[in-house]
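Chains as they are written, first to last, in the numbering used here: chain G, 1 to 341; chain Z, 1 to 262.
Everything labelled a hint here was simulated from the structure, so no lab data went into it. Misleading hints may appear alongside valid ones.
Claimed, not checked - Derived pair list, reagent style EDC-like, types lysine to aspartate or glutamate, alpha-carbon separation capped at 20 Å: (1) K151/G - D191/G; (2) K91/Z - E224/G; (3) K152/Z - E108/G.
As the list claims (entries may be wrong) - These stretches of chain Z come out as covered by chain G in the derived footprint (C-beta under 8 Å, 3 or more residues): (4) 90-96; (5) 130-141.
Quick reminder that beta carbons are idealized off the backbone N, C-alpha and C, glycines included.
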Amino acid sequence: MNFARITALAGRIIRQLFRDRRTLVLIFIVPVVIMTLLYLVLTNTSSVRTLAIIPPSGSDRINILITDLLPGKDKLNVIYINANQVNDTLKNGNVDAAVIFPPDFAQEVFTGQNPSVQVVLEGSDPNVANAMHDLIVSFTHQLGVALSALKAQQAQAGQGQALPPVLGGPLPFTVSDPQYLHGGVQYTFNDSIAPVFIAIFSFFFVFLLTSIAFLRERSQGTIERVMASPMTRSELVIGYILGFLLFALVQSLMILLFVIYALRVHYSGNLSLVFLVTVLLTIGSINLGILLSAFAQNEFQIVQFIPLVFTDLFVRRLLADRPATCHIATHLLHFASDIRK
Amino acid sequence: MTEAIPGAHKQKELQRPANGKPMVVVNQLVKQFGKLRAVDNLTMNIYAGETFGLIGPNGSGKTTLIRMLVGLILPTSGAIYIMNERMPSHKVAAQMGYMTQLSALYLDLTAMENMQFFCNVYGLRGKEQKQRIIEMLERVDLADRANDVVGKFSGGMRQRLSLACALVHHPSIALLDEPTVGVDPELRRAFWDYFAQLNKEGVTIIVSTHHLDEASRCARLGLMRNGVLLAQDSPQEVLRKSGQGNMEEAFLFYASCQEVQK
C-alpha cells in the first residue's frame with residue numbers, strides 16, 4: 001500500500017471533476033433544486049379535509065349535537081348539502097367524504113327503528129379515504145353514545161314528555177395533548193423525507209460518477225496503463241474512494257445545511273452521525289459503481305443499471321420490515337454491493 | 001528467536017542487467033482464450049539494451065504477448081522472467097514503461113497533467129519530475145501544447161504524448177505496442193532515432209509493429225504468425241536464412257514454411 005500513489009489517483013479524479021463544469025452542477029445544484037421543488041409541493045398540499053353532511057330534516061337538536069361533536073374548523077371543513085347533491089359534490093372533488101343521515105333520523109332513533117346512516121368516500125387517495133373513514137367512525141360513535149344517553153334519559157322521564165335538553169358539553173375527562181417521543185406537531189412530511197434524500201443523493205450521484213469514470217478508464221485504455229504500473233488493485237479502489245468521497249461529503253454537507261437552514265427541516269440527535277452514514281454509503285456506492293461498470297460496455301448500459309440500484313435501495317428498506325426469512329435476501333443484496341472488483 | 005541476518009529483510013534491489021545479458025526470458029508460453037490459442041508455446045530471450053521488434057500481421061498474438069509481459073494477463077502455461085523476477089511483479093512493473101496500442105490518456109486533462117499523473121504513480125516527484133516532464137515534452141515536440149487539454153489533440157499528437165508518458169519515469173524496459181500507428185513518416189523516423197538513443201543508455205525496448213520496413217531498425221526480430229514465433233534473429237540473418245531480398249518476402253517465406261509443417 002503506497003499512500004503517494006493513492007493521493008496521485010485521488011488528486012487526478014478531483015482535478016477531472018473540477019474540469020467538468022456540468023457534472024459539478026449536477027452534484028451541487030441539482031439536489032438543491034430538487035429538494036426545493038419537493039418542499040414546495042409537499043408543504044402546499046392542504047391537510048384540512050372537507051366533509052359533506054346531509055343532515056336529518058326537522059330535528060334542530062340533533063343537528064346542534066352533530067355540529068358539537070364534529071372536530072373544530074382548523075381540522076375539518078364541514079359543508080351541509082342536500083341528498084341529491086351528493087354525487088356531484090364528490091365528483092367535483094369539493095369534498096372528501098359525505099355522511100348521509102336519513103330524513104327521519106331522530107324519529108327512527110327514538111322509536112327504536114335502528115336507522116341506517118350512509119357513508120360515501122371519494123376514495124381516489126387511499127390515505128385520505130382512510131383518514132376520513134376513521135374520522136367518520138369516531139364521530140358517529142360519539143353521536144351514538146350521546147343519543148343512547150339521551151334515549152335512556154327520555155325513558156326515565158317517561159313517555160310523552162318533551163325531550164330533555166341536550167348535551168354536547170365537555171367530556172367527563174380530558175385527554176392531554178400528545179407528547180412526541182420524536183418530532184412534534186409542527187413536523188411535516190418533509191421532515192421525514194429529507195434524510196432519505198440526503199442519502200439518495202450521495203448514493204446515486206456517486207454511483208453514477210464512479211461507474212462512468214471507471215467505464216471511461218476501461219474504454220480509453222487508461223486502466224491498462226494504471227494496472228501495468230506498480231499500483232495495486234486495492235490502491236486503485238481506495239484512490240477512487242478518496243477522490244469521490246470529497247465531493248460526496250461536500251455535497252451532503254451542502255444538502256444538509258440547505259435542508260436545515262433554508263427549508264427549516266427539524267432534526268434532533270448528532271449531525272456527525274449523518275456524516276458517518278454518508279461516508280459509509282459513499283464507499284458502498286463507489287464499490288457498487290466499480291462492480292457494475294465491469295458489466296457495462298458503454299454509458300448507455302450504465303444508465304440501465306440505475307433502476308437496479310434504486311430498487312436495491314428501496315427493497316432493502318422494505319425487507320428490513322419483513323420476517324426473518326427475507327433477511328437472507330437483504331444480506332445477499334448487501335453482499336452483492338460489497339463485492340469488490 | 002534467532003537474530004536476523006543483517007540486511008536480509010531488505011528487498012533485493014532490481015539491477016538492470018549489463019548490455020547483452022538476458023533481460024527477458026520467456027519459456028514455453030501459452031495463452032488460450034476459449035478455443036483460440038493466441039500465443040502458442042513461445043520461447044525467446046530478449047537481451048538488455050537491444051530493440052526487439054515483434055513483427056506480424058493483425059491478430060498474430062503480438063498484443064497478447066505484450067500484455068503478458070507487462071503482467072496484465074496471466075499465461076495459461078509457461079513462464080516469463082524479467083530481470084530474474086517471475087512476472088507479474090510489482091517490483092518489475094515500477095521499472096517498466098508501457099505504451100498501449102490506442103493512446104491511453106485522460107482526455108479531459110492537459111498534456112502536463114497527464115504526465116504529472118503518471119510520474120506520481122511511478123514515484124517521480126518534485127523538481128526532478130518537473131524537469132523530466134519538460135524534457136520529454138520537448139522530445140516529442142509538444143512543449144508548446146503542454147497546457148492544452150488532450151481531447152483537442154490530433155491522433156499523432158496523442159500518440160506522441162502517449163510515448164512520452166510511457167517513458168517519463170526512466171524505465172529500464174519499454175514495451176511499446178504499435179507506437180508508430182498513425183504517425184507521419186518524419187515523426188516515425190524521430191521515434192526510431194530516439195529508440196536507438198535509449199538503447200545506448202541501456203534501455204531495453206520491445207516494440208510491436210506491422211510496418212515491415214521498420215524491422216531493419218531493430219537489433220533483433222521476432223516474427224509472429226497465428227500465435228507462433230516463426231523466427232527470432234537479427235534482420236540480416238532473417239533475410240539471409242530465408243534467402244529473400246526484402247522483409248516482406250522473408251515473412252511470406254516463413255509463413256509458407258509454417259503451412260508446410262502443418
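Hint-by-hint comparison with the structure:
no.	hint	verdict
1	K151/G - D191/G	violated, 48 Å
2	K91/Z - E224/G	holds, 17 Å
3	K152/Z - E108/G	violated, 90 Å
4	90-96	holds (count 5)
5	130-141	violated (count 0)
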